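Each residue of the sequence shown is one higher than the one before, counting from 1 in the numbering used here.
Note that these hints are calculated values from the structure, not bench results. What you are looking at is a predicted structure, and each value in this text was computed from that prediction instead of being measured. Some hints here could point you the wrong way.
[Claimed, not checked] The calculated lysine-lysine pairs, modelled on DSS-like cross-linking and capped at a C-alpha distance of 30 Å, are: (1) LYS76 with LYS9; (2) LYS239 with LYS391; (3) LYS388 with LYS272; (4) LYS363 with LYS39; (5) LYS76 with LYS272; (6) LYS9 with LYS388; (7) LYS39 with LYS272; (8) LYS272 with LYS390.
[Claimed, not checked] So the derived label-pair ranges between C-beta atoms look like this: (9) TYR382 with LYS239: 33 to 43 Å; (10) ILE385 with ASP134: 30 to 40 Å; (11) ARG190 with LEU367: 27 to 37 Å; (12) LEU291 with LEU97: 38 to 48 Å; (13) GLN12 with LEU181: 20 to 30 Å; (14) TRP187 with VAL356: 24 to 34 Å.
For glycine and all other residues, C-beta sits at the position ideal for the given N, C-alpha and C.
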Amino acid sequence: MSIETSGIKSRQWTLLAALTAGHFVVDCFPGTMHTVLPKVQNDFAFNLSAGASLLMYFLLAANGIQVVIGHLRPEKTRPLFLYIGLACSLSLGAFILLPRQASSFWPAVAILSVCGAGVGMSHPEFMRALHTLDGISSAVSTSIFMAGGVAGFAFGGWAATAMVQRWGFEMLWLFCIMSILTMVILWSLRVRLTCEGDHAARKDVPAAQVSFWPVFVMAVLGGSSSSVVVWAVPQALAKFGFELNFGGYSVMLFSLAGGVGGIVVSRLAARKGELVTCLWMLLGGIPFGFLYAGAVTHRWASWLIALLGLLCYGAYPLMVSMARQAGGANLGQRMGFIIGGTWLITSFVPRLLAPVAERWGLKVILLAAPLGYLAAATLAGYLWIQIKRKKQHDAI
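Make the full structure from the sequences, and use the hints.
Okay, here's the thing in structure tokens:
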């Protein structure tokens, strides 16, 4: 390896570390929203459905904006939306100014919608910046980058509950400071985006094995289960008398384990295939979801949810990596849909299930949560069989 080649690879790993750190920071915000929700409901006199609606509006803004803007600026290399998004995330700081009363619901929706839009706006351009790192395999770079996001979601969920429980909502300003530092670091490294034309012309891009839309459906099915888990677990634990930060701790375990799972299998997926690896991860993790629902009243059950995250949530980065190489739509649009579109659709799930939870209890919701993973595994198995049949047919 020449000195020049070594320098290029070193810079690419530096950029990957910076982009992963940036993903960590922006995903702290949705992690915070999920786990402090029980305290928000208590302090502002919101019922379970109102709390679920507040979360839904935040997630709609965060994910809907990605679908709307993901396809824009395909030939631009400067990450404009990334910086605007980080700036918008600072609006979370205004949340501490709201009066602690039920009439603050709509002002809270407005503040959190701006924050959510900022979080979401940065993601497609983060992924386009990631795609410039052609010296690192897609499965590895995507898994590391996505692990930064799930680690941020986990840290935000755990740290926010610990800090808010002890010092109040004013501590949310710490996450805003982290956003400012992220902007400074990314700007100093002069992060750039891949151009759609350059990506299409690259010789090293592998031929797509699957089209984008089946991968997207698979991500939505699995994401629905993950969305239910991170919403229902803190709510259920609070109902069963556990302290607020234990809900944050449990979600943190689920999220961190998912990040670790994606990294651990990335090398295997690069060799054996992302689709089949994704299939076996989903099938291996589903039993732990059902076991957790039955043992949720015990502290040790948090390790069951960690195993669920390791395998089932850990399969999501592989779906994102498949979407990067899949056929159909341009790169920015695929990234906007696989990240934003996935969580846009799944953001409705907690709100739809809230009346069921109020009538039948959160334990029933937890018991049903793994069904989305099961459906995703079924689709992955179907696609895998179709690919094998096509290869056999082509070999004849």
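Check your understanding: Which hint numbers does the structure go against, in order from smallest to largest?
Key -> Violated hints: 2, 5, 6, 7, 11, 14; rest satisfied.
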